[in-house]
Every structure is written in structure tokens, then in C-alpha cells.
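Student: Sequence:
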Amino acid sequence: PTHFGGFADCWKGLFLGRHTIAMKTFRGSLTEEVGIRVSSRLAREAKVWSHLSHPNVLPFLRLCTQGSVPYLISPWMENGHALIFLQKQP
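The sequence shown begins at 1 in UniProt numbering and counts up by one.
Some hints here could point you the wrong way.
As the list claims (entries may be wrong) - Straight-line Cα separation of at most 25 Å, DSS-like style, residue types lysine-lysine; simulated pairs:
no.	residue 1	residue 2
1	K47	K88
2	K12	K47
3	K24	K47
4	K88	K12
5	K12	K24
As the list claims (entries may be wrong) - Computed spacing ranges between beta-carbons, pair by pair:
no.	residue 1	residue 2	range
6	L83	H54	12 to 20 Å
7	H19	G80	16 to 24 Å
8	K47	Q89	28 to 36 Å
9	T20	A43	32 to 40 Å
10	G17	Q87	27 to 35 Å
11	G13	R37	32 to 40 Å
12	W49	F85	16 to 24 Å
13	Q89	T65	21 to 29 Å
14	Q87	K47	24 to 32 Å
15	A43	K88	29 to 37 Å
For the record, the hints were derived by calculation from the structure and aren't laboratory data. Note that beta-carbon positions come from the ideal geometry of N, C-alpha and C, so glycine has one too.
Could you build all of it, start to finish, from the sequences and the hints given here?
Tutor: Okay, structure coming up:
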């Protein structure tokens with residue numbers, strides 16, 4: 001992962017061979033029951049995020065899976081996430 005938080009990891013990816021994207025997923029091995037809860041939580045986060053429209057909030061691109069792992073997809077920001085950006089720009 002390029003970045004990680006308490007429960008999730010963020011990976012840098014490439015969409016259609018030309019668009020750099022951020023791929024967020026919850027970390028850890030999942031039992032089937034926990035996997036269902038995580039997928040439900042990601043779906044809920046995707047639904048809320050997809051309705052947000054603000055210049056300070058990244059657009060939500062899609063929810064997808066790679067194998068059985070669900071990912072939230074957004075544009076990649078070269079300056080990192082908000083906390084890293086604020087540390088660099090006091």
C-alpha cells in the first residue's frame with residue numbers, strides 16, 4: 001500500500017492504462033461473515049460518497065472488486081491525503 005490508516009489501505013493503480021487512481025480497501029483477512037459486513041460498509045460509504053459534491057472532496061469514481069476484494073476508487077492525488085498535504089503546507 002502507498003498509504004494506510006487504522007482500518008484501510010490505499011493503493012495506487014492505473015485505470016484504462018492512462019488514469020492514475022487511488023484504490024481504498026479494508027485490510028486483513030476476512031471470514032465470510034466479516035467479509036459481508038465489510039462489503040456492506042464499503043457499499044454504504046460508496047453510496048454516501050457518490051452523492052457528495054464539494055470542491056474540497058474528491059469525486060467518487062466507482063466501487064469495484066478484484067477477485068473477492070472490494071475497492072473504492074477515486075482520482076490519485078500526488079500530494080497524498082489531506083493530513084500529509086497539511087504537514088507539507090503549514
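Student: Against the 25 Å threshold, does the CA-CA distance of K24 and K47 hold or violate the hint?
Tutor: holds, 15 Å
Student: Are K12 and K24 close enough, with their CA atoms no more than 25 Å apart?
Tutor: Judged against 25 Å, a Cα distance of about 9 Å means the pair holds.
Student: Go ahead and decide if the range 12 to 20 Å is satisfied by the Cβ distance of L83 to H54.
Tutor: With Cβ atoms ~18 Å apart, the hint holds.
Student: Given the hint of 27 to 35 Å, is the C-beta distance from G17 to Q87 inside that range or not?
Tutor: holds, 32 Å
Student: Do A43 and K88 keep their Cβ atoms within the hinted range of 29 to 37 Å?
Tutor: Once the Cβ atoms are compared, 33 Å apart, the range 29 to 37 Å for K88 and A43 holds.
Student: Should the hint that T20 and A43 are 32 to 40 Å apart at their CB atoms be regarded as holding?
Tutor: violated, 24 Å
Student: Tell me if the beta carbons of Q87 and K47 are separated by a distance inside 24 to 32 Å.
Tutor: About 31 Å separates the Cβ atoms of Q87 and K47, which means 24 to 32 Å holds.
Student: Between K47 and K88, is the straight-line Cα distance small enough, at 25 Å or below?
Tutor: Violated, because 31 Å separates the two Cα atoms, which is more than 25 Å.
Student: Given the range 16 to 24 Å, decide if the beta-carbon distance of H19 to G80 lies inside it.
Tutor: holds, 18 Å
Student: Between the beta carbons of Q89 and T65, is the distance compatible with 21 to 29 Å?
Tutor: Taking Cβ atoms as reference, Q89 and T65 lie about 35 Å apart, which means the hint is violated.
Student: Does the Cβ-Cβ separation between W49 and F85 fall within 16 to 24 Å?
Tutor: holds, 19 Å
Student: Does K12 lie within 25 Å of K88 when you go C-alpha to C-alpha?
Tutor: holds, 20 Å
Of the numbered hints listed earlier, those contradicted by the structure are 1, 9, 11, 13.
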